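Quick mapping for you: the protein sequence lines, in order, are chains A and B. If you use our numbering, the first sequence corresponds to residues 12 to 603, in order. If you use our numbering, the second sequence corresponds to residues 12 to 603, in order.
None of these hints come from the bench; they were simulated from the model. Check the hints yourself; a few may be wrong.
When chains are identical, the list treats them as one kind, so a pair holds in a single copy or across two.
Unchecked claim - Using 27 angstroms as the maximum straight-line C-alpha spacing, the simulated BS3-like pairs for lysine-lysine come out as follows:
| # | residue 1 | residue 2 |
| --- | --- | --- |
| 1 | LYS343 | LYS524 |
| 2 | LYS598 | LYS494 |
| 3 | LYS598 | LYS524 |
| 4 | LYS161 | LYS85 |
| 5 | LYS602 | LYS343 |
| 6 | LYS75 | LYS85 |
| 7 | LYS524 | LYS345 |
| 8 | LYS345 | LYS253 |
| 9 | LYS345 | LYS602 |
| 10 | LYS188 | LYS524 |
| 11 | LYS253 | LYS188 |
Since this is a predicted model, take the numbers as computed values, not measurements.
There are 2 protein chains.
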Amino acid sequence: MYRAPVDEIAFALRHHAGLSQVLGDGVFSHLDDDVLDAIMGEAGRFASEEIAPLNLSGDREGAKLANGAITTPKGWKEAYAHWREGGWNGLSAPEAYGGQDLPLVVNMAAFEMWASASVAFALGPTLTMGGIEALAAHGSPELQKRYLEKLVSGEWMATMNLTEPQAGSDLSTVRTKAVPEGDGTYRLSGQKIFITFGEHDFTDNIVHLVLARLPDAPEGTRGISLFLVPKFLVNEDGTLGKRNDVICSGVEHKMGIHGSPTCTMVYGDGGAHSEVGTGAIGWLVGEENRGLNCMFTMMNNARVAIGAHGVGLCEAATQKALEYARERRQGKAKAVASEGAVAILHHADIQRELLTMKALTAASRALVYSCALAIDLAHANEDTEKKKYWQERANLLTPLAKAFSSDNAVEVTGRGVQVHGGMGFIEETGAAVFYRDARIGTIYEGTNGIQAIDLVMRKLPQSGGQHVLSYIGELSEQVDAFKASGEATAEVAARLSWGLDQLRDATVFLQEKLQAGDEQPLMAAATPYLRLFSIVLGAVLLSRGVTHDPEGQSPLLRFYAENLLAEAAGLKDRVIHGAASLDEAAKLLWKD
Amino acid sequence: MYRAPVDEIAFALRHHAGLSQVLGDGVFSHLDDDVLDAIMGEAGRFASEEIAPLNLSGDREGAKLANGAITTPKGWKEAYAHWREGGWNGLSAPEAYGGQDLPLVVNMAAFEMWASASVAFALGPTLTMGGIEALAAHGSPELQKRYLEKLVSGEWMATMNLTEPQAGSDLSTVRTKAVPEGDGTYRLSGQKIFITFGEHDFTDNIVHLVLARLPDAPEGTRGISLFLVPKFLVNEDGTLGKRNDVICSGVEHKMGIHGSPTCTMVYGDGGAHSEVGTGAIGWLVGEENRGLNCMFTMMNNARVAIGAHGVGLCEAATQKALEYARERRQGKAKAVASEGAVAILHHADIQRELLTMKALTAASRALVYSCALAIDLAHANEDTEKKKYWQERANLLTPLAKAFSSDNAVEVTGRGVQVHGGMGFIEETGAAVFYRDARIGTIYEGTNGIQAIDLVMRKLPQSGGQHVLSYIGELSEQVDAFKASGEATAEVAARLSWGLDQLRDATVFLQEKLQAGDEQPLMAAATPYLRLFSIVLGAVLLSRGVTHDPEGQSPLLRFYAENLLAEAAGLKDRVIHGAASLDEAAKLLWKD
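Build out the structure end to end from the sequences listed, making use of the hints.
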């Protein structure tokens, strides 16, 4: 069973992501070292003892729909109640609404633990967190007053309603309609699909944030507005009023995250459930036709959270495989004197497998926490220059954190199955569920292909291309400092520098294409470039821990540098040369 | 729905694997071009029309156990009956027992198609094929007479009973007992787990091939014998007699291949089912204590067959994703004039994804067919030198065919899910089932880690290390011939030669370690070396098709050479430098 690696997480926060220095600078008024350790310890306990035991049974039972109502797996509702009573839901929410106003990076470390314990369980609160951010940033004072406190306490939960059958990665074709009633409210109608926790029994009310189109709104993405549509209307005194005209009409049968209900939501069909007639009553959030911008407020942080989920899955799968490899005995190993068979962890092939898992987990964690901390620093800084600097850093790291970590979750959970041999394929063992659950992380909140395109098309050009180059320069300085510290072997240091050279070359190449407006090679190179960036960045981030704990940190960094980093050679080659064959070869794809 | 790519398969057989030249030499008396095309066409029709429609429902229903009897999913039993009536079961079985005595390579091409249609369905016949081989090679004339004809016709099916709870990758600890009765029979007792199609309703009888230990047999692998244990004893006249003392006591709840029953088999518990008292009655196959050798006869070809399954999964997943990408419309593409959204296949990122899938499928196919053809040529050649040459080639290629193809099946089916976006995660879409089914291919019939160790420890030393080096030399000559043909661009040719250089360097490095008896770096390097060998070999095999069809074959080869082959750089580096950090880093794995 999962045991939260509290010390590793705290170390990664402090030294890989750099929270230690930020705490020293006194940027976060609510956080010091003691508070950090206390929170991590308590979150780890809750995740390990109260959530993790529900994961496998939740996977087996799944979320069930009957008459528009979802029943979550046994024990989940109670665990959620206990979780929110612990104050976990408002960890990084505004103090004005009852939150603890702690940095996002702390919340992301907690989310890693919730996700290790059960990513299906962690998903609902992830969406609520996004909803709180969107409302806090864009909601009217009236809406904030009525909804935020209960969302922050977790008494109610929030959802994100974006996708429609014809509108997935491309939201420009959203069709759901919102008609103004003239009294400040709107009536919504339409169908949304793939709505996570769109309906459930955790809370009495559910606050849907819904993308829809006003009458006569411009076509495309500039005609989409964001609305708040509660499942039950909320009276002046905060009590629940009439049931709104929104209902869950179906729940998906999915490969994983069975405990998390993925719902089809119907707005405004005037069915028997509705106590408000036909048309779901909603309120505008932010400005008309600026809904996508508001939605991206919640989406961006949700992307980092999906990254944190990926780290959690990596960690849980690695722990499980490690436990098995220590106990399962098969074969002999030359280096081990033994009568019978030895634990498979003595076999070099298994060691390579588990160290790969551990290294990818550590790199994903370092990257996700670094991204979350950049978001925090963008918020915390008032100074325009610094704010811009951290905002651009956060923008740059978000697609990396989301995609690298969720890709690694697929890889690491797969290796976890493999280490178990035949037992890994048996559901009761509990390795398969991580693998099935991990597979959605590369898809939702923007597929990893979309993340890569975002990285190349929107993040590389930041500040005229200077932001990314100066960041690579900073990373080079860190490697130089690492060399100077005397803790780096010449081999490892050389490999880190070499990795940064590959990244710089690929970056310069893509920036030339950007300047030339030559789109095809950019789009073709996006995915390998994202991987290249991440695998190199992961190594440099891990190296930052070595000076703080040479004995504990050097061995894994060396393994990473000498086993994983060389992937960068092939990736750079693909970035630069991979697109040339594409047009001709793609013709094959249209032939029968 | 899957449509068998009959022309592609026939082309791969002829030109990637080299069957065309072999047919020209007249090595196979039963096969000519017309027969080949007819068989492929008819197998393709059967797979597409009669098996494929049963896959998704079979996954949903699964195989169900009640009172020791398994019910397979609806329609499966009838499909099997129809399949065996078509003569497919005996395609490469001995003519003397009613088989068609066609080369294994033809059968593997057919198995690719059965597996594309439903790998869970294809598994049962895969095991029967292995059983036929073991009996034909090692069974007494008496056993052959009584069992082979009905196994070849498919009236009965066979199983392989190796694994026990404590004996998986390491069979030395097999505990199942066999006690001689003095009349030529033995009484077996013990428990076997993970027995594919150990019990089912396809056939009236099931012929189990079981590893067990005689009383006073030496410990370890040299004390294991192979026995034939029928579910029902067979009378002199071939009719079924008493129910033997063997029963299925459980069926696993697995991540995939739900339609294929994975059984726990209990031998000799003297339960109510037994009509022979206590102890399952069995007959020795081959010599006493030589059971592992006999089992490897069936295991080796089963490994190639698992490779063929991997190809089938790659093909099916690629077809499905391609179909979706042609139809699903999202976003705009600069190169395409369009009012609304364009098919996602116009996006370069999706093209890269699908071409990667197509290239890995083609390379896996070329490798698996080449391996099967080598086995055929080892059988067909009487001349000692040639026989040895082809036997060593088959030995070398078997772990590559099994591991590369099953690894690629995981990767390609995963990319297939990804191309579908959110729809890929929904079970009804039918992309997820390929992904779940593929995950077992890297585990059973020897995990891919075991394949890699087999490659490095047993196959590299063949003929004092000369076999593999001369093969790499042959591949270099093929690349030179390709250059000379005028069909290769300088870029592609240079990349192929570069790839072979990486492979040669890594091979020489490992052979030095072999000579020095330095085991740890060999074991640590095994998995990346297997991948390196396969990715380079795949490119060279594909290049052999270009001179036969430059227009059709060049674009994919170029894509492969310029996008996938560069992976070899990192792999070679890992082979040579990856082991050094392992001992120190592995200490982390023992810490809490």
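Cross-check of the supplied hints:
With identical chains, the CA atoms of LYS343 and LYS524 are at most 27 angstroms apart between copies only, with a shortest distance of 19 angstroms across copies and 54 angstroms within one. Only between protomers do LYS598 and LYS494 lie at most 27 angstroms apart by alpha-carbon distance; the minimum there is 24 angstroms, versus 49 angstroms within a single protomer. For the homomeric pair LYS598 and LYS524, the shortest alpha-carbon distance inside one copy (23 angstroms) is at most 27 angstroms, but the shortest distance between copies (46 angstroms) is not. Taking the shortest alpha-carbon separations for LYS161 and LYS85, only the intra-copy value of 24 angstroms comes in at or below 27 angstroms, while the best inter-copy value is 50 angstroms.
Taking identical chains as interchangeable, the C-alpha atoms of LYS602 and LYS343 lie at most 27 angstroms apart only when they sit on different chains, with a minimum of 22 angstroms there against 52 angstroms within one chain. In the homo-oligomer, the alpha carbons of LYS75 and LYS85 lie at most 27 angstroms apart both inside one protomer (11 angstroms) and across protomers (26 angstroms), since each shortest distance falls under that limit. Taking the closest pair of Cα atoms, LYS524 and LYS345 come within 27 angstroms of each other only across two copies (15 angstroms); inside a single copy the shortest separation is 53 angstroms, beyond that limit. In the homo-oligomer, the alpha carbons of LYS345 and LYS253 never lie at most 27 angstroms apart, since the shortest distance is 72 angstroms inside one protomer and 49 angstroms across protomers.
For a Cα distance limit of 27 angstroms, the shortest separation of LYS345 from LYS602 across copies, 21 angstroms, qualifies, whereas the shortest one inside one copy, 54 angstroms, does not. Proximity of LYS188 and LYS524 under a CA criterion of 27 angstroms is satisfied in neither setting, with 40 angstroms inside one chain copy and 69 angstroms between copies. When the C-alpha separation of LYS253 and LYS188 is checked against a cutoff of 27 angstroms, the pair qualifies only within one copy, where the shortest distance is 21 angstroms, while the shortest distance between copies is 71 angstroms.
Hints 8, 10 from the earlier list are contradicted by this structure; the remaining hints agree with it.
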